[in-house]
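> Numbering (the numbering used here) for the sequence shown: 3 to 373.
Just so you know, these hints were derived from the structure itself, not from any lab.
Honestly, I wouldn't trust all of these hints.
Claimed, not checked - Estimated spans, in silico, between C-beta atoms of each pair:
1. S14 to E64: 22 to 28 Å
2. G139 to D69: 27 to 33 Å
3. S183 to D328: 19 to 25 Å
4. Q42 to S14: 38 to 44 Å
We put the beta carbon where it would ideally sit given N, CA and C, even for glycine.
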Amino acid sequence: MATDTPQQAVISGESWTRFCEQLRRSGEQILRAEAPADEQTRAEGFRYLTRLLRIALEMHLEFADPDFPGFITPSHETAKIGADNPDNLYRYARLNGEHEYRVSGQRGSVAYLSFGSQKGGYETDGKMIQTGFIDAGQLQLDAEGNFEIILSQHPPASGNWLPLEPQSNALIVRQTFLDRSSEQPAQLHIERLNGGQAPAPLDAARLQQSLQRVGGFVENTARLFADWAQGYQQHSNQLPAADQALCQAVGGDPNIFYYHSYWALADDEALLIEVDQMPACDFWNLQINNYWMESLDYRYHRICLNKHAAQLAANGSLRMVLSHRDPGLANWLETAGHPHGTLCLRWVGAKQPVQPTTRVVKLNDLKELAV
Numbered sequence: 003m004a005t006d007t008p009q010q011a012v013i014s015g016e017s018w019t020r021f022c023e024q025l026r027r028s029g030e031q032i033l034r035a036e037a038p039a040d041e042q043t044r045a046e047g048f049r050y051l052t053r054l055l056r057i058a059l060e061m062h063l064e065f066a067d068p069d070f071p072g073f074i075t076p077s078h079e080t081a082k083i084g085a086d087n088p089d090n091l092y093r094y095a096r097l098n099g100e101h102e103y104r105v106s107g108q109r110g111s112v113a114y115l116s117f118g119s120q121k122g123g124y125e126t127d128g129k130m131i132q133t134g135f136i137d138a139g140q141l142q143l144d145a146e147g148n149f150e151i152i153l154s155q156h157p158p159a160s161g162n163w164l165p166l167e168p169q170s171n172a173l174i175v176r177q178t179f180l181d182r183s184s185e186q187p188a189q190l191h192i193e194r195l196n197g198g199q200a201p202a203p204l205d206a207a208r209l210q211q212s213l214q215r216v217g218g219f220v221e222n223t224a225r226l227f228a229d230w231a232q233g234y235q236q237h238s239n240q241l242p243a244a245d246q247a248l249c250q251a252v253g254g255d256p257n258i259f260y261y262h263s264y265w266a267l268a269d270d271e272a273l274l275i276e277v278d279q280m281p282a283c284d285f286w287n288l289q290i291n292n293y294w295m296e297s298l299d300y301r302y303h304r305i306c307l308n309k310h311a312a313q314l315a316a317n318g319s320l321r322m323v324l325s326h327r328d329p330g331l332a333n334w335l336e337t338a339g340h341p342h343g344t345l346c347l348r349w350v351g352a353k354q355p356v357q358p359t360t361r362v363v364k365l366n367d368l369k370e371l372a373v
């Protein structure tokens, strides 16, 4: 029988018991009948849940107070969600749409920079609806590249503004690198305007709410992207345009046109992804993921190609090759020991997205394609 108050539930341990039960139930998404049951996919699936838990604890417990916001990095080398972009530095902060905030920083030199306010969340309704958006092309900077953005329901008298709605509860920042070795990320700081001096001590109500949100985030995120991966198997080794409205509803960037799919290759096969004529765009990349839509380990494997790194043919076309072994061709992408997984292509800032084509060929036949 449920305890009446958060105080009783925390003191008795019932809040913790319910939290642990929800984490246990999250494992059902890894064990679902439609998902591959091989050792690697299962092992990565349960590791994925631990990663979601780490993200959720920072997002909804440690940095959850919108009165004293701070940036976290929700996706990185060892924490990944929903085809996380290997070329991105993600930053995230919790908000309260009834308050006003200031983000101050230095632009840096990353190829793409955007700020989006959102409402909803994977922990509740499974969506992250945009309530405001501004990118670097719209930012007013000083001579040294410094800027401030006011986050509020009503525009300031002057300067940069990111709109909020009463239900806004999060800020997502995307910084996209063409070449990490030569570009500097933006330096960012966030603060609530007219806020207090220090947060109140943790109490039972806040802890219980945080545990509920953490458990909901893990379970719902695992379910959401397992559903996506399952659906992508219907067009395996193809790369159709994704449902853009759906991508936006779960927190996608409005400047990005997305393609998602599933891939599966035998040891002697390769997947060719080809674009006859590259669109004019600010940025593009193609990345390879595991079944759970986590980018493969880009620290040690070439699993992503972008506008800077890819080699185009003399006629401006592009061919990328995904295979288990190096075919000796330009634009090779590694499977990193995976027989199957998902993949994602992004056109960023393209006025006319171009549909890529795909085909599976035998590795031995690739010699004929050498440029």
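> Each of the hints needs a verdict: does it hold here or not?
To see whether the hints hold, each was checked on the structure:
A beta carbon spacing of about 24 Å between S14 and E64 agrees with the range 22 to 28 Å that was offered as a hint. Checked against the hint of 27 to 33 Å, the pair G139 and D69 passes, with Cβ atoms roughly 32 Å apart. The hint said 19 to 25 Å for the Cβ distance between S183 and D328, and at roughly 22 Å that hint holds. At about 41 Å, the beta-carbon gap between Q42 and S14 stays in the expected band of 38 to 44 Å.
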